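Peer 1: Here are the chains, one letter per residue:
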Amino acid sequence: MNEVKLFLGPQHPGMHGNYSVHMYVDGDIIKKARPTPGFLHRGFEKLMERRYWMGNLALIPRICVPEPDTNEMVYAMGVEALANIEIPEKAHWIRMLVLEMARVAIHLMSLGSIGGPTGLYTATYWAIAQRDLLLDLFEELCGARIYHMYIVPGGVRKDLPEGFTDKVLAMMDELDEKIPEYEDLILKHPVIHARTKDNILLPAEVVWELGVTGIGMRSAVGKEYDLRKVKPYAYYDKVDFEVPTATYSDALTRLNLKVRELYQSMRIIRQVIDKMPSKGAVNVPVSTGSALRWTVPAGMVYSAVESSRGEYGYFIVSDGKEMPYRIAVRGASYPQGLLGIEKYLKGHRIDDASLWMDSMGVCTPEIDR
Amino acid sequence: MVLDEKDNRNVWEKIGDYFSANSIWMKWYCTGCGAIELPPTMTSRYDMERLGMGPMATPRQADVLLITGYLSTKTLRRVIYSYEQMNSPRFIVAFGSCTINGGIYYDSYATIGRLDKYLPVDLYIAGCMPRPEVVMNGFNELIKMIKKGQAKGWKHYQENYEWYKKNQLDSLGEVIIKDEFHE
Amino acid sequence: MNVMSFVYGFLVLLGVFVFQTTLTGLNRKVTARLQKRYGARWYQQFLDIFKALRKDSTSHGWVFDFGVIMALGGIMATVIFIPVAGFEAFPGLDNIFVISYLLAVGMLGMAMSAAGSGNPWASIGVARALTNMLAYDVPLMIVIFTLIFAFDSSSLSEIAALQQGMGILGWNAFRMPLGGIVAVIALLGMLGKKPFDSFIAPTEIASGPMVEYGGKHLGFMFILHEFMTFIEVSIILSLFFGGGATIWEYMLKYAVLYTFMNIISGVMPRFKIDQAVKYFYRVPLAMAIVQGLVVIFTGLGVTLWF
Amino acid sequence: MNSMNNTINEIKAALKPLKMETPAFRQIAVVVKPDTVHNALSYLKQKGFTQLSIVTCVDWIKESEFELVYILFSWTEGIHIQLRARIDRDKPVMVTATDIFPGAQYYEREVHEFFGVEFTGNEDAAKPLFLEIWDDLPPLRKDFDPQAYSDSKFPMRERGNEFVSEIGGHDDE
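Protein chains in written order, with this note's numbering: chain A, 1 to 369; chain B, 1 to 183; chain C, 1 to 306; chain D, 1 to 173.
Derived from the structure by calculation, the hints contain no laboratory data.
Computed from a predicted structure; not experimentally measured.
None of the hints are false.
Here are the simulated distance ranges between beta carbons: (1) C:PHE149 <-> B:ILE15: 49 to 55 Å; (2) A:PRO285 <-> D:TRP134: 41 to 47 Å; (3) A:GLU86 <-> D:LEU18: 27 to 33 Å; (4) A:GLU174 <-> B:VAL11: 49 to 55 Å; (5) B:GLY173 <-> D:GLN46: 46 to 52 Å; (6) A:ALA58 <-> D:THR36: 36 to 42 Å; (7) D:GLN46 <-> C:ILE263: 57 to 63 Å; (8) C:GLY167 <-> B:LYS147: 49 to 55 Å; (9) D:TYR43 <-> A:PRO285: 42 to 48 Å.
Below, in silico cross-link-like pairs of lysine-lysine (BS3-like), each with a Cα-Cα straight-line distance of 27 Å or less: (10) B:LYS117 <-> B:LYS152; (11) C:LYS36 <-> A:LYS178; (12) B:LYS165 <-> D:LYS153; (13) A:LYS229 <-> D:LYS47; (14) C:LYS278 <-> A:LYS346; (15) D:LYS62 <-> D:LYS142; (16) B:LYS166 <-> D:LYS153; (17) B:LYS155 <-> C:LYS216; (18) A:LYS167 <-> A:LYS279; (19) B:LYS147 <-> B:LYS117; (20) A:LYS197 <-> C:LYS193; (21) C:LYS278 <-> A:LYS197; (22) A:LYS188 <-> C:LYS193; (23) B:LYS14 <-> C:LYS216; (24) B:LYS147 <-> C:LYS216; (25) A:LYS346 <-> A:LYS5.
Even for Gly, the Cβ is constructed at its ideal location relative to N, Cα and C.
With the sequences and hints as input, model every part of the structure.
Peer 2: Here it is, written out as structure tokens:
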């Protein structure tokens with residue numbers, strides 16, 4: 001057999017982020033694939049042991065670059081569980097608002113990024129520009145476009161600015177107009193159908209074998225396996241939303257679910273704004289003294305939230321000192337990004353390698369950490 | 001700008017620099033988290049193509065290597081590889097505080113501190129991470145530098161090749177990329 | 001054939017280069033507007049080409065270098081044979097067969113050079129490019145043979161001239177609508193526009209044959225690409241859209257056709273290479289055969305049928 | 001919460017853990033002996049904890065022990081379980097979990113790389129994953145000092161003789 005060794009990445013334009021897949025190909029078919037992570041490895045877990053509990057707030061959003069708010073939420077939830085902090089009601093609502101806005105932003109981005117592997121660049125240009133307008137809202141909220149550092153242990157950093165909710169609602173109305181446009185361009189496109197339909201399958205037994213969560217799992221299993229439903233955090237049990245599911249998971253199904261989740265997120269945002277109390281504290285002080293010298297009681301806790309790609313978790317260990325003893329990060333795309341590539345990328349064509357990564361939602365910084 | 005006062009280019013080099021300045025193809029290599037601000041810079045909101053910049057698929061075709069953020073040692077090996085594949089005149093633009101002094105990862109065992117010890121950086125764009133406006137401004141600055149013939153990092157690299165190589169080997173052990181199938 | 005032919009040929013080359021490069025630049029703006037942005041300056045394509053020519057470049061052996069020169073030579077020779085609005089450098093030699101054989105020299109040079117770079121992505125790209133060629137050539141050739149049968153001529157300028165003077169409905173694209181559709185789809189494939197651009201897909205095979213080109217080599221490839229585009233669009237324009245009676249008419253039609261191709265390409269993702277082949281062998285091939293049978297057995301299309 | 005109590009009681013009866021607690025909402029921590037981890041994992045998988053969220057390790061350097069942590073999740077009940085076991089720090093060996101949870105393969109490889117824990121039965125675990133040409137202690141052990149490593153390996157360049165000089169963001173011609 002004439003097998004050629006090829007390097008897909010780390011500086012291949014089809015690669016999502018700084019990641020590499022080394023593969024043997026025969027003709028156009030991938031015979032063997034090995035993921036090569038570590039290009040983005042910064043040693044976060046070690047660095048977090050060397051920072052104060054509050055100082056870590058600057059580090060954690062950088063673990064998953066496209067979706068920083070999830071990290072903040074997981075960290076805050078874990079620390080609150082360890083230190084037994086009850087946060088005020090309004091903080092919960094604001095957190096949900098921020099998380100769902102972040103979900104809309106990342107879904108828009110990943111909807112647009114289908115243009116990379118398939119060549120539909122117009123979709124990329126449209127969707128990412130739309131996401132940018134959403135980032136403007138974040139900027140108004142906390143001063144930063146990407147790394148917000150807004151959700152902190154004890155609540156959120158500060159109250160919503162004046163008139164913020166109106167702007168969010170206006171943005172939701174705009175998205176209501178725009179997303180059907182993207183659907184027309186992407187989801188109804190015959191060539192996209194040709195590329196994605198019955199391609200890149202993810203059967204239910206593979207889901208259980210790898211431990212894939214998120215859209216990948218729900219599109220294969222057909223049950224509402226979403227942490228927001230199964231193990232509600234914040235006030236997700238007080239809002240009304242559906243978790244879109246399917247029982248046949250190909251790339252097109254997952255793309256469809258992404259858009260349907262987008263609508264559900266917008267529905268949650270509207271409800272949150274409706275139900276949020278207008279007055280009230282948004283955070284509780286976590287310590288009486290200096291925030292830097294703040295100590296968290298000893299204990300071990302695992303906290304998890306539903307990110308756009310699945311279960312995102314931190315395992316936090318405290319020994320009662322002013323720095324964490326150990327924090328382990330479970331990146332949501334860890335299973336499909338490593339074992340999934342090794343076992344299930346083979347048999348696909350080279351053309352689909354990049355689409356595989358995109359469709360499975362592999363986010364490289366959270367794998368490397 | 002006080003880099004180099006005397007301008008000893010001949011007229012052909014000046015014309016060449018004019019073309020180089022107005023058509024900059026960048027290497028699409030997302031080395032770090034700064035890469036998240038590149039799509040907005042490229043797409044409809046900020047539209048980098050106005051400046052004549054665009055992404056290119058391989059280092060051979062590219063003029064500018066964007067180092068978008070921190071570099072782990074593993075990445076630096078590939079970056080050096082990519083840089084040496086590029087054709088001169090070639091430029092390096094480094095993003096974010098991490099490339100200047102290690103930034104927030106100053107004490108990490110995996111990321112390098114200062115990039116211009118290993119590769120000649122023509123322009124740093126500070127910030128963590130730089131906003132698209134800053135990135136655009138940085139590119140404008142790069143265009144000005146090329147027009148004036150001040151972006152001479154590639155010449156510096158040729159002249160001080162031993163010095164750069166020694167630094168690279170000191171920190172990385174070896175620059176050669178090995179088989180990664182581990183079998 | 002005299003000295004004037006060569007002077008004329010040189011002028012054609014220069015004119016074609018300036019015209020096509022400007023048009024490419026303008027089309028980048030059109031695509032940009034489609035994507036809701038401003039886009040590059042109209043002369044950006046010139047800047048890109050001259051910048052690339054200015055740079056140093058890396059050679060990968062003499063096959064790599066020679067292939068580029070051979071390709072450029074072959075393509076430039078072909079351009080001179082293309083009739084533009086009745087003007088020809090070498091009258092009587094604008095035969096479709098002459099052009100396709102000359103074009104093959106250029107194609108071969110490109111394939112040779114790319115394979116000579118030794119990069120596996122380039123080899124995959126070349127293999128895909130040849131597969132793609134095989135895919136669009138079969139239906140297109142059937143339609144072109146139908147045309148030759150219908151008009152009893154294989155000269156581009158003659159076929160173009162025969163379509164003129166009857167208004168827009170005299171064009172072969174309207175006389176033989178199925179054949180016209182096939183030609184437009186095949187033109188997308190010839191130009192390497194989406195959805196048939198899998199041989200240069202950057203996200204799949206890192207721009208395929210172009211992967212090892214840089215600097216001057218890449219500059220030559222860009223110039224070559226401009227000439228190639230001109231040849232391909234011109235062939236379809238002359239055969240199916242009546243060429244042009246005057247040079248202005250020709251340029252206008254050319255610009256409209258080329259921009260139309262770009263707009264289609266702007267909203268298309270790309271097929272995988274096997275899907276592209278399957279597509280060409282399904283829809284356009286069937287249409288081409290039906291068109292051929294209609295022309296041969298009924299004569300509709302040779303005579304005006306409306 | 002009733003099902004939560006049931007689960008706790010059942011696990012207590014079946015695994016006979018050294019310690020059990022509920023550190024957070026719908027979360028159970030189970031501490032077992034290292035040689036029973038394999039059995040415990042297969043028991044929990046049967047109980048519906050079908051998802052292995054993460055395998056990780058904590059370095060208790062004062063006690064000279066590594067604590068391996070397996071976090072499982074049951075999608076039907078919505079309960080997280082931390083299964084913890086302490087092993088000797090000087091000879092860290094553990095039986096692999098890949099035959100129960102195939103997804104554990106890369107987590108174990110990671111734990112091996114960062115802590116030096118060996119997993120018998122997982123052939124790939126010893127291969128390098130994130131780090132390349134690593135020449136020091138496994139980096140996430142507590143006795144490894146990243147600052148010192150970084151200082152010795154990536155020294156700041158001495159100032160002066162610089163190629164890059166500072167220019168303003170504005171036009172200063």
